[in-house]
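Chains as they are written, first to last, in the numbering used here: chain A, 1 to 197; chain B, 198 to 394.
Treat the hints with care, since some could be wrong.
Restraint-style ranges between C-beta atoms, simulated for each label pair [claimed, not checked]: (1) N149(A) / I236(B): 45 to 55 angstroms; (2) S14(A) / S211(B): 49 to 59 angstroms; (3) E148(A) / I223(B): 45 to 55 angstroms; (4) A294(B) / E103(A): 27 to 37 angstroms.
If you are wondering where the hints come from, they were derived from the structure by calculation, not from laboratory data. Bear in mind that the values here come from a model prediction, so they are computed numbers and not experimental data. Every residue, glycine too, gets a C-beta built ideally from N, C-alpha and C.
Protein chains: 2
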Amino acid sequence: MTSKQPTPRIRKSSEQVRSAVHQAVIDLLSDPQGADLTIPAIAQRAGVNHTSIYRRWGSREALLADVVVTRLERDWPLTDTGTLRGDLTAWAQAGVASIRTPEGRLLVRAVALSMPASAQAQGERAQHFERRIHAIERIRQRAAARGENPPPLEQILDQLIAPLYLRAIFGIDPPATGYPELLVNRLLNNPDESPTA
Amino acid sequence: MTSKQPTPRIRKSSEQVRSAVHQAVIDLLSDPQGADLTIPAIAQRAGVNHTSIYRRWGSREALLADVVVTRLERDWPLTDTGTLRGDLTAWAQAGVASIRTPEGRLLVRAVALSMPASAQAQGERAQHFERRIHAIERIRQRAAARGENPPPLEQILDQLIAPLYLRAIFGIDPPATGYPELLVNRLLNNPDESPTA
C-alpha cells in the first residue's frame, strides 16, 4: 500500500505528516492480525521517515497518547449543558456510545498500549493526557462557578471514567439502557463520607 | 541471554515450558525499551519453539491472559474473611498493594495488550478471564449463603475493580490511606436505586 522509501515527491506539510501518522496508527490498531505497533511499522504505513516520528513525538507512547486524546476530543466531547449533572451525563452518554463501536474499543486499547515503559516516555505521554484531564477539570470549575459542589476529580475518574474503560478492555457491554444515568447517580447522589478522596 | 536456536538438550516438560514462557512474557513486559511482545520474541526468550506456544495457547492474547490470571491468582487472592465487607476489603487491599508495584502495573498493561484483535483470540482470552470472574462470583455466592445481599457482579466490576485498573493504566496513585475501605463503602453503603445494574 505505502512505498517503503517514500520518494521526496512533494514534501509533506507538518499537518499532513501528523494526519498520515495518526491514520497509520488507527489502521495498525485495527489490523485483525494484531500488527506490531512499532515506530518503523507506523512510519512505513504512513509513508514518512521514522526519524520524523521520533523528532515530533519523542516516543511511541507519546504518539499513541496524542492519537487517543485527539480522537477522544472529537468523539467524546465535553459539552456545556448548564448543570453539573447534565454535563456529566452528556459526557457519559458519549463515552458509552464510543465504547460500543470497534474504534472506540481500539482507542481504549491504545491508551493501555501507550503506558510508558520508561520514565522519559512517561513524561511525554503525561503531557497529552493532561489535555484530557484539564477538560474534565473545566466541567468541575464551571460547576463550582455556578455554586454547585462538584466531586473531586479523582472521584470522577473512579466512578465515571473507570467503569467505561474497564468494560472496553474486558469486552463487557454496558447495560442497554440507563447506564450513563446510573453512573452519574452513583457519583452525585452519594457523596463520600470522609474527605479521603 | 537466551540462545537463538535452543538445541534439543533435554526436552522440557509441559510445566517447564509453561513456566519459561510465562517468565519470558514478564521479562519482555518489563523491558524499559518497550520490547515487542510477539510470539516469536517470546519463544526466543523462553528457549522454546514458537509452534509450541501456538499449539498450547492458540494466540498471543490467550497467552497474555493466562500469564495475567495466573499472577493475579497468586498476588491478588480472594480470601474468605467471614463477611462480604471483609472479603471485598481484603481483595481491594491486595489490589491496591499490587498496583503500587511495577510488576502489578505491568500486569494491568498485559490485560490491555491481551485485548483480542480477532474473534478467535477473543474466545481464547475469555476462557482465561472467566477463571477470575468466577472467583469474584464465589465471593458473592458465599455472601448470599450467609444471608447477606451482595451487589450484582457488574457493580463490583464498575466500582471496585475498574478504579484500580484505571489508576494502574494512567499511573494515578491511589490515596495513601483508606482507599480500599473507601471503594468498598461506595459499593456497599449506597445500593443502586433502580434495578438497572
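Evaluated hints:
1. N149(A) / I236(B): 45 to 55 angstroms: holds (52 angstroms)
2. S14(A) / S211(B): 49 to 59 angstroms: holds (54 angstroms)
3. E148(A) / I223(B): 45 to 55 angstroms: Distance hint for E148(A), I223(B) holds at roughly 46 angstroms.
4. A294(B) / E103(A): 27 to 37 angstroms: holds (35 angstroms)
In terms of the numbered hints stated before, the structure departs from none.
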